[in-house]
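Take the sequence shown: its position 252, counted from the start at 1, is 404 in the working numbering, and no numbers get skipped.
Just so you know, not all the hints are guaranteed correct.
Label pairs and their in silico Cβ distance ranges [claimed, not checked]: (1) 250 - 309: 18 to 24 Å; (2) 376 - 291: 31 to 37 Å; (3) 450 - 425: 26 to 32 Å; (4) 234 - 475: 46 to 52 Å; (5) 291 - 450: 34 to 40 Å.
Within a straight-line C-alpha distance of at most 30 Å, the following computed DSSO-like cross-link-like pairs (lysine-lysine) qualify [stated by the list, open to error]: (6) 351 - 428; (7) 463 - 225; (8) 351 - 336; (9) 336 - 195; (10) 428 - 195.
These are computed hints drawn from the structure, not numbers from a lab. Yeah, the Cβ is synthetic: ideal placement off N, Cα and C, and Gly gets one too.
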Amino acid sequence: VPVPRTEPFRVEPLYNRPDLVSDEDLATVLWRIQPRFDRRQMKPNHVEHALRTWSVRAKFQNPNAISGQEMAKFLTDTASFTDSWGIEVEPLLQDTGNGVSIRYGTAQGASVHHDHWLACLTEAGANIDTPVFTPGRRNWTLRDVLQQSLRDFRLDERETEWTAMAFGLWIAPTREWTGAAGRKYSFDLLVDRLIRGQKELGVCVGTHRVYSLMLLVRLDDEFDILSDAGRGRAWAYLEDVRDLITVAQFPDGHWPANWPDGTAAVESPREDDFYKLVIATGHHIEWLSIAPPELHPPEEQIQLAMQWLVKTTSEQTKADILQRYTFFSHVGAALANWRQEHPADFWRRWEAEHPFDAEAEATFDATGATSESTAAEAAAH
153 VPVPRTEPFR VEPLYNRPDL VSDEDLATVL WRIQPRFDRR QMKPNHVEHA
203 LRTWSVRAKF QNPNAISGQE MAKFLTDTAS FTDSWGIEVE PLLQDTGNGV
253 SIRYGTAQGA SVHHDHWLAC LTEAGANIDT PVFTPGRRNW TLRDVLQQSL
303 RDFRLDERET EWTAMAFGLW IAPTREWTGA AGRKYSFDLL VDRLIRGQKE
353 LGVCVGTHRV YSLMLLVRLD DEFDILSDAG RGRAWAYLED VRDLITVAQF
403 PDGHWPANWP DGTAAVESPR EDDFYKLVIA TGHHIEWLSI APPELHPPEE
453 QIQLAMQWLV KTTSEQTKAD ILQRYTFFSH VGAALANWRQ EHPADFWRRW
503 EAEHPFDAEA EATFDATGAT SESTAAEAAA H
């Protein structure tokens, strides 16, 4: 399939709202979600999430944080992966003979979701010619991984959220393509696959398909990749989501995992695991950052959700963040979007005026916890 660009297309956020997210709010959240990973047995899923948030160009004054280039190398170089995991664990990158596939699933050292590796490197701004070193070859590139995914794609995949994103950001304005065995695919078919099924049962309590659909609509604005009917189906789904989250928000600003239940989610609340509240609220705020105003709930609800996200993130210990890094990374990405900032660029400027505080970092590292005021102070200094 032709790839018309060497850098992935970026769907830009639509709003710069310092009245909703202050510099201090954003710095407080980003300070906490710096990728402070132990280099031993780094989880690909955590690294992928950190990379999509911070990008391949991210640099940190904090010596405990891993740069964007180091994270990208871990994901694209088998030697780097083996340095972290040892030779006993199966490599993340798999030679297929005519391409490269990514080992995913629940096994040790695997990427958790199908095409998540590809989508995250794409969102991180990796060049299509980024070298990919498998166990057997050193002449693959990211282009080969993309082409392998295009060949291997099936509409009955359990998860298509990240496939839709990666394909759209690389191959638009192509509307249709041919996979293995001559199977015909299109972005219209991906829309239909994404909107199929009960809303909550999708990845990340159904919120990631919403982001993927919104991204496809925005790509259609630029490249006309959807038919009028396909765009209409995606838009109607997004309108339905808007109406549901308008009535499913709790007074403190969070959305529950069962947000598709609408008013019933609030009137008959259920006991959800805390992390699911972070997932739902963070992901909704993220997709709304690239959505036009007509797909938004009332602005005061967006503001409440942001306040809940900042407060909740600032209350987490280091152990909390590391345990739930994937979910809190979306909070940082979402809030940065609402300032039309990239976390890497904002953090570089912030650290120029607020240098790394070794004492605050040591306290956070040694105790596993800092108070909300300490975190805010560390971010401010």
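Taking the hints in turn, this is what the structure says about them:
1. 250 - 309: 18 to 24 Å: At roughly 20 Å between Cβ atoms, residue 309 and residue 250 fall inside 18 to 24 Å, so the hint holds.
2. 376 - 291: 31 to 37 Å: Given a distance of about 35 Å, which is inside 31 to 37 Å, the answer is holds.
3. 450 - 425: 26 to 32 Å: 28 Å, holds
4. 234 - 475: 46 to 52 Å: This hint is violated: roughly 25 Å between Cβ atoms.
5. 291 - 450: 34 to 40 Å: 54 Å, violated
6. 351 - 428: Within the cut-off at roughly 15 Å; holds.
7. 463 - 225: Not satisfied, since the Cα-Cα distance of roughly 33 Å exceeds 30 Å.
8. 351 - 336: 26 Å, holds
9. 336 - 195: Outside the cut-off at roughly 35 Å; violated.
10. 428 - 195: 20 Å, holds
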